[in-house]
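Using the hints, position chain B with the ligand against chain A.
Those protein sequences? They're chains A and B, same order as listed.
Add 620 to a position in the first sequence, counting from 1, and you land on the number used in the numbering used here.
Add 7 to a position in the second sequence, counting from 1, and you land on the number used in the numbering used here.
Keep in mind that a hint or two might mislead.
Selected chain B positions facing chain A (in silico; Cβ < 8 angstroms) [claimed, not checked]: (1) Q40; (2) G88; (3) S90; (4) L91; (5) S114; (6) R116; (7) G132; (8) I208; (9) K260.
Only pairs whose alpha carbons sit at most 20 angstroms apart, straight line, appear in this in silico EDC-like list of lysine to aspartate or glutamate [as the list claims (entries may be wrong)]: (10) B:K206 / B:E155; (11) B:K69 / B:E35; (12) B:K221 / B:D307; (13) B:K92 / A:E740; (14) B:K197 / A:D646; (15) A:K768 / A:D646; (16) A:K764 / B:D18; (17) A:K764 / B:E120; (18) A:K746 / B:E155; (19) B:K200 / B:D215; (20) A:K746 / B:D17.
One side only, chain A facing chain B, incomplete, derived with CB under 8 angstroms [claimed, not checked]: (21) C735; (22) E740; (23) C759.
Source of the hints: derived by calculation from the structure; they are not laboratory data.
C-beta atoms are modelled at their ideal positions from N, C-alpha and C, and glycine is treated no differently.
Each chain, written out:
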Amino acid sequence: MNSDKKELRVNAIKNGTVIDHIPAQDLFKVIKILGLQNITNTMTLGNNLESKTHGHKGIIKISELFFEDDDINRIALAAPNAKLNIIKDYVVVEKRQVQVPDKVVGIAKCVNPKCVTNFEDNITTKFTVVDKENIALKCHYCEKITNKENLRLQ
Amino acid sequence: MKHKSLVSIDDYTKDDYLKIIEKAAHFEKNPVQNILNGKVIATLFFEPSTRTRLSFESAVNKLGGKIIGFTDAASSSVQKGESLKDTIKTVANYSDLIVMRHPVEGSARYASEVSNVPVVNAGDGANQHPTQTLLDLYSIYKTQGTLENLNIFMVGDLKYGRTVHSLLMAMSHFNPTFNFISPEFLKMPKEYKLFLDSKGIKYYEHEDFTEYIKEADIVYMTRVQKERFSDPIEYEKVKDVYILRNEMLKGTKENLKVLHPLPRVNEINVDVDDNPKAYYFEQALNGVYTRQAIIATILDL
Ligand SMILES: [Zn+2]
Chain A
621 MNSDKKELRV NAIKNGTVID HIPAQDLFKV IKILGLQNIT NTMTLGNNLE
671 SKTHGHKGII KISELFFEDD DINRIALAAP NAKLNIIKDY VVVEKRQVQV
721 PDKVVGIAKC VNPKCVTNFE DNITTKFTVV DKENIALKCH YCEKITNKEN
771 LRLQ
Chain B
8 MKHKSLVSID DYTKDDYLKI IEKAAHFEKN PVQNILNGKV IATLFFEPST
58 RTRLSFESAV NKLGGKIIGF TDAASSSVQK GESLKDTIKT VANYSDLIVM
108 RHPVEGSARY ASEVSNVPVV NAGDGANQHP TQTLLDLYSI YKTQGTLENL
158 NIFMVGDLKY GRTVHSLLMA MSHFNPTFNF ISPEFLKMPK EYKLFLDSKG
208 IKYYEHEDFT EYIKEADIVY MTRVQKERFS DPIEYEKVKD VYILRNEMLK
258 GTKENLKVLH PLPRVNEINV DVDDNPKAYY FEQALNGVYT RQAIIATILD
308 L
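Bound conformation, chain A alone:
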């Protein structure tokens, strides 16, 4: 039964966080944004799983790790529909939805090749989110817009 399978996946960790409904093509972006490649917690990754609502999806399960809202919202650029389940003692104690933040600091690259952030080393990029639905970021420096289609991570 479908719901049983889902339960099994979600409850497979004792304490930690499950990030579900990540678009399959963006799973590795999410990993990079959260810096998961640098931590030693037990982690299970699934990708290209069938999703009832979003075609193919990715899922991340991390033991003993709980995120701050700011961290979670950073992944909104890659996975705006992602859902988080917070697990305590094998039970989902909280569900959280990703929210697109007002400002994006140090994640995205500015699409403008003439932007100072693409010339000078060690500048942290800063953007104001001017369209949350379609993801449009206005660069704090060159004032040009970076869209979801041309979004690259710094």
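Here is chain B with the ligand on its own, set in the frame of chain A:
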């Protein structure tokens, strides 16, 4: 003022614009003062722009300040690969204010963040050139006696022209009507038209000069640059459509003034120069007073 530095025209509010205009008028009456005595102003021109640099340096000299700096990147440490941050931090040690022009977009904002003295943006690539906009506002105010309820025509390259974009944003505080005259592919970008819609500001688009010019209070001319055209034949076809000639000013309003950020190529025929409605050379002179006002305001003098 939100910021000490002047990087983008949006850094200033409507009130700030009016204060600068008032101060510019004061400097126009008394252009030679010694208020910058003992102050050092750095003019860092990472790309040459003789016109803008001379205007700033004239403004500083008339106020008794000293100038240090360079006129193009080739003669500076930039050529040795020094980062912008290091150049700015070093120069900030030796000066009370930095005026900078740089071909890289956003460089002035970045400089204002790493500098501990105020930075005035004298042009950062295709992005911003706020002192040009403020001198345009002063020119409009001076010739019309107000900034409110004016009919402003913008002509030429409205797509890439940063001066018209900044002027549009600044004038949006004063209930204007806009008329845009440009070739189809150099039209005012959608984002600016959406902005005007959101503020309930009226605008009309035309592909050539028509009788409508009789309603204009200000005609703001810009260059249609050959480089913008992928097809040289297309350029030849449109280039003469956007030339303002003296006979076209017949029957226009008494108070009409023709503005242009200069340098011009051929978009204003020389036969306009003697018409009292031609204002572009005075406009350039207004740049000195406006820059005096900007520097004095930023340094609290
Ligand atoms: Zn940028």
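A quick look at each hint next to the structure:
{"no.": "1", "hint": "Q40", "verdict": "35 angstroms, violated"}
{"no.": "2", "hint": "G88", "verdict": "11 angstroms, violated"}
{"no.": "3", "hint": "S90", "verdict": "6 angstroms, holds"}
{"no.": "4", "hint": "L91", "verdict": "5 angstroms, holds"}
{"no.": "5", "hint": "S114", "verdict": "5 angstroms, holds"}
{"no.": "6", "hint": "R116", "verdict": "5 angstroms, holds"}
{"no.": "7", "hint": "G132", "verdict": "5 angstroms, holds"}
{"no.": "8", "hint": "I208", "verdict": "20 angstroms, violated"}
{"no.": "9", "hint": "K260", "verdict": "35 angstroms, violated"}
{"no.": "10", "hint": "B:K206 / B:E155", "verdict": "15 angstroms, holds"}
{"no.": "11", "hint": "B:K69 / B:E35", "verdict": "11 angstroms, holds"}
{"no.": "12", "hint": "B:K221 / B:D307", "verdict": "43 angstroms, violated"}
{"no.": "13", "hint": "B:K92 / A:E740", "verdict": "8 angstroms, holds"}
{"no.": "14", "hint": "B:K197 / A:D646", "verdict": "31 angstroms, violated"}
{"no.": "15", "hint": "A:K768 / A:D646", "verdict": "12 angstroms, holds"}
{"no.": "16", "hint": "A:K764 / B:D18", "verdict": "16 angstroms, holds"}
{"no.": "17", "hint": "A:K764 / B:E120", "verdict": "19 angstroms, holds"}
{"no.": "18", "hint": "A:K746 / B:E155", "verdict": "35 angstroms, violated"}
{"no.": "19", "hint": "B:K200 / B:D215", "verdict": "19 angstroms, holds"}
{"no.": "20", "hint": "A:K746 / B:D17", "verdict": "17 angstroms, holds"}
{"no.": "21", "hint": "C735", "verdict": "5 angstroms, holds"}
{"no.": "22", "hint": "E740", "verdict": "5 angstroms, holds"}
{"no.": "23", "hint": "C759", "verdict": "7 angstroms, holds"}
The structure fails to meet hints 1, 2, 8, 9, 12, 14 and 18 from the earlier list, while all remaining hints are met.
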